[in-house]
Every structure is written in C-alpha cells, then in structure tokens.
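Student: Each chain, letter by letter, is given below.
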Amino acid sequence: ELKVEQNPLFLSMQEGKNYTIYCNYSTTSDRLYWYRQDPGKSLESLFVLLSNGAVKQEGRLMASLDTKARLSTLHITAAVHDLSATYFCAVDATQGGSEKLVFGKGTKLTVNP
Amino acid sequence: DTGVSQNPRHKITKRGQNVTFRCDPISEHNRLYWYRQTLGQGPEFLTYFQNEAQLEKSRLLSDRFSAERPKGSFSTLEIQRTEQGDSAMYLCASSWGSSYNEQFFGPGTRLTVL
Numbered sequence: 073e074l075k076v077e078q079n080p081l082f083l084s085m086q087e088g089k090n091y092t093i094y095c096n097y098s099t100t101s102d103r104l105y106w107y108r109q110d111p112g113k114s115l116e117s118l119f120v121l122l123s124n125g126a127v128k129q130e131g132r133l134m135a136s137l138d139t140k141a142r143l144s145t146l147h148i149t150a151a152v153h154d155l156s157a158t159y160f161c162a163v164d165a166t167q168g169g170s171e172k173l174v175f176g177k178g179t180k181l182t183v184n185p
Numbered sequence: 039d040t041g042v043s044q045n046p047r048h049k050i051t052k053r054g055q056n057v058t059f060r061c062d063p064i065s066e067h068n069r070l071y072w073y074r075q076t077l078g079q080g081p082e083f084l085t086y087f088q089n090e091a092q093l094e095k096s097r098l099l100s101d102r103f104s105a106e107r108p109k110g111s112f113s114t115l116e117i118q119r120t121e122q123g124d125s126a127m128y129l130c131a132s133s134w135g136s137s138y139n140e141q142f143f144g145p146g147t148r149l150t151v152l
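Top line first, the protein sequences correspond to chains A and B. Each number in the working numbering comes from the position in the first sequence (counting from 1) with 72 added on. Each number in the working numbering comes from the position in the second sequence (counting from 1) with 38 added on.
Since the hints were made in silico from the structure, they are not lab data. Cβ coordinates follow ideal geometry from the N, Cα and C atoms, glycine included.
Derived DEER-like restraints, expressed as beta-carbon distance ranges: (1) Ala141(A) with Arg102(B): 38 to 44 Å; (2) Leu81(A) with Glu66(B): 34 to 40 Å; (3) Thr58(B) with Lys128(A): 37 to 43 Å; (4) Glu77(A) with Ser43(B): 29 to 35 Å.
Please build the complete structure, drawing on both the sequences and the hints.
Tutor: Next comes the structure, spelled out in structure tokens:
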C-alpha cells in the first residue's frame, strides 16, 4: 500500500530564510501534487508534477519530482509571513489500481518576522 | 463562483443521529471524490465516482457510511448512527479525469458529534 511521508512536520523559520520540505513515497507513481491549507480552510492546489525531473515554480515556492528516488521537494526561498500555512504533498495511487490521492501528514510552516 | 461547493459548512449532531452532506462539483468535472480529514492529519480517501458510477468505495470507514451521485452531478455522503469518532472535516473534490487529474477541493463540512 502506498505510504507518503513528509518531513519536517513542523517548521518555524524566519522571514528571508530558505528551507526545503521533503516528501517521500513508498511505491511507484508518476503524479505528485502539492497543496496548501490555511487554518480552518480547504486545500488550495499549488503544483502538479507529472514526470521525473519535473520542476515547477510559483513566486517563492519551487517544487521538484524525482520518481526514481520517489522523492519530491518543496523549496521555499526568502520566506515571508504570508507563506505560513500547512503544506501537503499527495501522491496519485493510480498505478496501484486506484484513482485516489494519498496524502502526507503535512508540514506546518510558521514564518516569523 | 464555479468552484466546488459543500453544504452544510458545519454540522453538530448527537451521537446516534444520521447526517447527510452535499457536494456540488465543478460543472464540467466528471470525477468526484470524498475525503475525511482529522485534526493534524492529511485528508484520507473515502470513495470516488466517475459520472454516476461509484468506482471505489473500499475505504468507506464502515457500513454506516454511504455515498451517492445519482445523476452524475452533485453527490451526497450519509453517515448513519453517528459516533463521536466520526467528528472530522469531510472534504469533497472534483477533477476532469484526464492524465493531469488535478483534484480541486471544496471548503469542507465540519462534523461534530456530541
């Protein structure tokens, strides 16, 4: 069964600093998604990564996918307070015969002034 | 607004009561998904529909949970004989079902069972 692990689960960082969130998954998949969730709100789609080596960037966030290593990263550059939220990676389980997404536990990011 | 909508947004019920939630997907999307999210966890898949066909329901948590999508448009999720452990956020998502398969989530229904 597909398992998705994120680390760290909690991240407190200062404005202006850089950091990376890691997402490992246990079985083959070629579709990975990153979502953002603000407290009490639903999930906002950030990135869709469809192939090995895919890299997507939006503002201060950049996501990449290495399907051979079963690893995705979400890199934060020069963090600002508005990036404070919980970030989830989700892996498409289609190759295991299901259309569902399997989510990690999320990384709660707090950006301090 | 053409996003996914869910009603009600909040539901408080007593243990043993039945509850029903509604999800209206993005109109051109043929796939609809239900997830459950508990505090501090990522969403957990429950079931999904392609048009009106329920293609996977193995993750519905027990036989107290059922879902329908009778005309391939909106969907309902029913929980019978609610238990305190059912308290959670219930999220609906929809997608076009292409190879992209990006799922767009609704605002969720927060259920509290007293």
